[in-house]
Amino acid sequence: MTSRSQRRRATWSRIIPATIALGSLVASTMIGPAPRAAAATSGAGTTNPVVTWDLNAQTAIWDVAAQQPNEQVRSFAMVNGAVYDALNAIAGTPYQPYLSAPPSSGTESVDAAVAAAAHGVLAALFPGQQERLRAQYDAALAAIPDGRSKRGGIAIGARAAAAMVTDRQDDGAFGDQQWASGTGPGQWRPTPPLFLSQGAWTGHMRPFLLPRASTFRTPAPPRLTSSAYARDLNEVKEVGSATSTVRTRDQTEAALWWHDRRSASWEIKRQLAVTQQLDALQTARFFAMTDLIVADSGVACFSQKDFWSYWRPVTAIHLADTDGNPRTTADPGWQSFLVTPPFPEYPSGHACGTGARMSLYQHFFGRDDITFSGSSVDSGTTRQFTSFSQALNELIGARVWGGVHFRTADVEGAKLGREVYRYAVRHHFRPLR
1 MTSRSQRRRA TWSRIIPATI ALGSLVASTM IGPAPRAAAA TSGAGTTNPV VTWDLNAQTA
61 IWDVAAQQPN EQVRSFAMVN GAVYDALNAI AGTPYQPYLS APPSSGTESV DAAVAAAAHG
121 VLAALFPGQQ ERLRAQYDAA LAAIPDGRSK RGGIAIGARA AAAMVTDRQD DGAFGDQQWA
181 SGTGPGQWRP TPPLFLSQGA WTGHMRPFLL PRASTFRTPA PPRLTSSAYA RDLNEVKEVG
241 SATSTVRTRD QTEAALWWHD RRSASWEIKR QLAVTQQLDA LQTARFFAMT DLIVADSGVA
301 CFSQKDFWSY WRPVTAIHLA DTDGNPRTTA DPGWQSFLVT PPFPEYPSGH ACGTGARMSL
361 YQHFFGRDDI TFSGSSVDSG TTRQFTSFSQ ALNELIGARV WGGVHFRTAD VEGAKLGREV
421 YRYAVRHHFR PLR
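Quick note on numbering: the numbering used here labels position 315 of the sequence shown as 315, and the sequence is numbered without any gaps.
Not one of these hints is a red herring.
Quick list of simulated restraints, FRET-style, between CB atoms:
1. 225 - 431: 48 to 56 angstroms
2. 151 - 367: 38 to 46 angstroms
3. 250 - 107: 46 to 54 angstroms
4. 215 - 238: 30 to 38 angstroms
Worth flagging that the hints you see were computed from the coordinates, not collected in a lab. Since this is a predicted model, take the numbers as computed values, not measurements. Glycine included, C-beta positions come from ideal geometry on N, C-alpha and C.
Make the full structure from the sequences, and use the hints.
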């Protein structure tokens with residue numbers, strides 16, 4: 001990992017206030033070492049190349065490049081969107097392509113197509129990783145018998161990758177937009193301890209599936225003088241403090257687990273593909289739907305963050321004597337348990353993404369009550385869930401327990417994510433036969 005990547009990762013995403021005795025917390029909540037990724041197998045017991053290359057993508061996107069969440073989702077969407085278009089073409093286009101269906105005889109190697117599509121996108125996204133990615137790609141191709149099928153799979157995967165890379169040129173990613181910062185009650189401003197302002201371009205990026213970033217809007221956050229606002233502030237003030245005495249051990253673990261920028265959602269996505277015995281095409285469609293929908297939920301969410309430019313709990317609690325609400329009181333020394341992300345509060349980006357993700361999972365599998373688990377390096381624990389709705393409900397609470405969001409922002413963020421999901425499945429990825 002480069003020193004630049006290490007500096008980026010060491011900013012707001014990994015810092016926990018010094019008042020937390022993190023070492024003793026992790027030791028007391030440890031369930032076991034973080035498990036290795038689930039075996040990349042299909043129901044037939046053969047290696048599922050889509051799962052394998054999603055793990056390879058994670059290595060490039062996070063382990064090496066250390067991209068932050070608003071960046072990660074775009075990269076995963078590009079990789080798995082290209083993989084889906086390649087395999088959908090080989091299968092005879094049973095589903096709507098995302099961009100296009102490269103010409104296919106149906107005899108091309110699926111393994112070669114996946115490797116070429118994923119590698120082509122990753123190499124374009126991360127030119128500094130060319131040598132490592134090429135070695136990975138060559139090793140994957142070496143395991144495939146030479147011949148027309150292999151050559152055809154490479155050609156289809158390469159076409160799908162090129163189409164994706166071309167389509168996302170000049171999409172607004174990594175633009176120079178800045179967050180509006182104010183000094184009045186309710187207005188966002190950079191937060192301690194790092195006072196950063198990052199990621200404003202996200203709400204201006206061209207979506208993958210939505211017509212525009214502002215397709216869906218959230219209602220206004222609660223008025224500062226309202227009882228709803230007072231409830232939100234007083235809840236996070238009590239349970240989200242670095243020195244909270246009411247936050248339970250399980251809530252503390254959940255706050256850390258959901259905040260980990262090495263997202264457990266990647267492991268869960270692959271785990272579901274394996275446990276639900278998806279074949280390569282089903283996995284490709286599942287991953288593409290997940291990653292493109294989650295990416296667009298982020299675009300929609302950051303568009304609304306930009307519109308409302310709402311202050312974070314740490315600011316609101318420090319300045320509660322300016323909000324005009326007699327039910328709130330200021331505490332200038334208050335610190336959140338987790339470090340506050342460097343952008344406006346409302347709505348919650350994590351809730352937008354998780355709301356979209358869990359809604360899509362219910363839709364794809366046709367049920368809510370599927371058991372799954374995920375591990376976190378930051379918390380050193382594995383959390384178990386018995387349904388997708390349980391996971392979403394926990395996330396809504398976890399952002400409050402971490403002190404970085406008001407509950408309303410989480411609830412409305414989850415609703416916004418569901419709206420993005422509903423639009424996407426009505427207009428994209430539908431069966432054609």
